[in-house]
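Novice: Chains A and B supply the protein sequences, listed in that same order. Counting from 1, one number per residue, gives the positions in the first sequence under full-length UniProt numbering. Counting from 1, one number per residue, gives the positions in the second sequence under full-length UniProt numbering.
Read the hints as simulated data drawn from the structure, not as lab findings. Mixed in with the good hints there might be a few duds.
In silico lysine-lysine, DSS-like type, Cα no more than 27 Å apart, as pairs [said to hold, decoys possible]:
| no. | chain 1 | residue 1 | chain 2 | residue 2 |
| --- | --- | --- | --- | --- |
| 1 | B | K78 | A | K188 |
| 2 | B | K248 | A | K175 |
| 3 | A | K181 | B | K276 |
| 4 | A | K188 | B | K276 |
Treat the numbers as computed from the prediction; the structure is a model and nothing was measured.
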Amino acid sequence: MKRSQAVKLTLMGLAGGVVTGCSEPQEQIVTFKDIEDCVDSNLFEAEDCVYQYEKAVAAHQLEAPRYSSRFACEQDFGQNYCASTRNGSFWQPFMAGYMMSVIARGVSDAIYYRSAYSRPLYRSRDDWGMYRTSSNYPIGSYGSSGKMTNLPRSIMTTVPNNSGTIKKSGGQYGKKAPTIKRGGFGSKSAARGGWGS
Amino acid sequence: MLRIKSAPRANLLERANQYGFDFHTIDGEPYWDETHYYQFTLRQIEDDLEDPTNELEQLCLDLVGDIVRDEHLLAKLKVPSSQWHHILDSWRSKEPSLYGRMDFAYNGQGPAKLLEYNADTPTSIYEAAFFQWIWLEDQVDTGIVWRGADQFNSIQEKLIARMAEVSPDGEIHFACCRDSVEDRATVEYLEDCARQAGLTTKFLYVEEIGLNTNKQFTDLQDFEISCLFKLYPWEWMFDDPFSEYLAKSKTRFIEPAWKALLSNKGILPLLWQRHKGHPNLLPSYFEGEEQADLGHSYCRKPLFSREGANISLVRPNQPLLEVGGEYGGEGYIVQGLSPLPRFEESFTLIGSWVIGHQAAGLTIREDNSLITKDTSRFVPHIIVG
Chain A
1 MKRSQAVKLT
11 LMGLAGGVVT
21 GCSEPQEQIV
31 TFKDIEDCVD
41 SNLFEAEDCV
51 YQYEKAVAAH
61 QLEAPRYSSR
71 FACEQDFGQN
81 YCASTRNGSF
91 WQPFMAGYMM
101 SVIARGVSDA
111 IYYRSAYSRP
121 LYRSRDDWGM
131 YRTSSNYPIG
141 SYGSSGKMTN
151 LPRSIMTTVP
161 NNSGTIKKSG
171 GQYGKKAPTI
181 KRGGFGSKSA
191 ARGGWGS
Chain B
1 MLRIKSAPRA
11 NLLERANQYG
21 FDFHTIDGEP
31 YWDETHYYQF
41 TLRQIEDDLE
51 DPTNELEQLC
61 LDLVGDIVRD
71 EHLLAKLKVP
81 SSQWHHILDS
91 WRSKEPSLYG
101 RMDFAYNGQG
111 PAKLLEYNAD
121 TPTSIYEAAF
131 FQWIWLEDQV
141 DTGIVWRGAD
151 QFNSIQEKLI
161 ARMAEVSPDG
171 EIHFACCRDS
181 VEDRATVEYL
191 EDCARQAGLT
201 TKFLYVEEIG
211 LNTNKQFTDL
221 QDFEISCLFK
231 LYPWEWMFDD
241 PFSEYLAKSK
251 TRFIEPAWKA
261 LLSNKGILPL
271 LWQRHKGHPN
281 LLPSYFEGEE
291 QADLGHSYCR
301 KPLFSREGAN
311 ISLVRPNQPL
321 LEVGGEYGGE
331 GYIVQGLSPL
341 PRFEESFTLI
351 GSWVIGHQAA
361 GLTIREDNSL
371 ITKDTSRFVP
381 HIIVG
């Protein structure tokens with residue numbers, strides 16, 4: 001057969017529709033340093049704290065940034081904040097905390113349980129007071145345990161798969177340098193109208 | 001290769017709406033045209049189109065390896081000298097290519113002749129990869145097309161497989177210019193494929209790309225862009241104000257900068273010079289360097305041109321056929337004429353998709369003129385026998 005076995009769309013047409021920033025659904029989340037922090041907050045049952053923490057640790061294995069050397073990892077996360085994996089093939093930062101959906105609260109209901117998310121959080125060397133996701137998205141202050149925050153749901157639910165990439169150097173994780181100008185590309189298009197080939 | 005009249009689907013508009021095909025009609029004229037389809041034999045597809053596409057791709061890659069190290073050739077292709085190093089770097093570090101489309105004159109007999117290689121910003125991929133596939137599925141279901149019919153179209157499968165290979169860190173930003181429905185849909189389709197490959201994606205317009213204090217390109221949330229698919233020509237990027245930051249940028253571009261060389265019509269004379277007499281190539285020369293084998297009928301094309309703009313056909317005893325436009329300032333090439341085959345009132349162009357350096361499927365375009373343009377009709381195809 002000379003054609004694709006099957007084709008589908010997940011984004012275009014009635015399959016999806018583009019998610020835009022302003023209309024994106026929000027998710028209420030809470031950040032914690034560890035299980036104890038979560039239990040102390042009295043926001044969740046201890047078993048929820050443990051369950052969601054374990055889910056975050058499992059996600060951490062998959063999505064934490066990977067570096068080819070200790071040096072490269074420590075450039076982004078600080079000295080002694082990285083560990084090599086069991087087989088020693090790359091280095092990853094320690095998980096600095098985790099965030100969980102507020103709907104995980106009192107979720108004896110199995111349906112809610114499955115739809116409640118938790119994700120690992122990290123602290124970058126150049127912005128130590130801030131929690132960030134593995135994709136470098138700033139979440140809130142480290143230590144502000146128990147404070148509820150609203151996030152675009154996709155930040156919570158989209159798990160980046162970093163397992164395929166091992167960075168050779170640091171410098172890509174941490175505080176963002178501010179954008180100083182825009183509009184430096186695309187001047188030809190405005191001048192000519194549409195095109196394609 | 002036959003052109004066969006066929007009943008359009010009764011639910012065509014519903015299908016188009018369902019699958020986000022918003023530009024099936026352009027300026028009131030049908031763009032997607034399923035009142036006919038083309039029928040090929042498997043031998044025609046494999047021997048005359050697929051194999052030559054794969055072979056030409058290798059010749060093109062060899063040629064890039066020569067051009068990037070040759071200042072004389074880079075100057076001849078009118079590549080700005082400020083970008084030579086950047087292009088060489090992108091080639092040396094083997095920055096991966098996602099896709100391209102070779103356009104052929106082919107009438108079902110004899111060798112297909114390469115007219116040009118849309119190596120940087122080809123469009124019509126959604127129509128070819130997805131909507132054409134659905135058309136066959138639908139027409140087989142209603143009995144309009146024979147159940148045993150196949151199609152040369154593994155484009156989407158290959159795109160999804162290739163996406164994971166071109167992204168360095170599991171994330172791709174997609175960008176096109178404002179104000180083009182077709183471009184926006186093309187990019188949305190590719191973004192869809194990237195998501196199906198398990199990648200994280202974001203969209204922004206080319207005009208919205210930012211520059212941060214580290215002189216790196218940023219998205220609307222100020223994140224540095226690690227990988228950018230841009231449906232925007234390299235030669236325009238080279239002319240834009242941000243071009244001076246390209247060389248030190250850590251962004252990986254799809255297509256990579258070395259593709260700027262293959263989308264240049266100057267590769268046609270260079271390929272002919274290296275492979276004179278190749279059955280799938282036409283005699284081609286930089287204007288002013290013509291030799292006798294060009295013949296008296298030829299086509300004149302700007303080094304940079306899209307949608308047929310500024311192309312003219314010169315034939316003895318016939319009026320000059322010419323399409324206007326704003327290209328051509330950088331010089332021209334001339335190419336021996338291999339007229340497109342004519343079916344009734346339509347001239348037919350075969351586009352052959354290359355995904356990750358492999359031939360993957362067809363786009364067929366028809367026009368009432370010998371010069372194919374952006375408004376030329378897209379016609380589906382099948383393989384029988």
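Novice: If a hint holds in the structure, say so; if it does not, say that too.
Specialist: Structure-based check of each hint:
Proximity of B/K78 to A/K188 is assessed by CA-CA distance (about 17 Å); at most 27 Å being required, the pair is judged to hold. About 20 Å separates the Cα atoms of B/K248 and A/K175, which keeps this hinted pair within 27 Å; it holds. In summary, the hint linking A/K181 to B/K276 is not supported, as the alpha carbons are separated by about 49 Å, beyond the 27 Å threshold. The suggested pairing of A/K188 with B/K276 is violated, with an alpha-carbon distance near 36 Å, which exceeds 27 Å.
Hints 3 and 4 from the list above are not met by this structure, while the remaining hints are.
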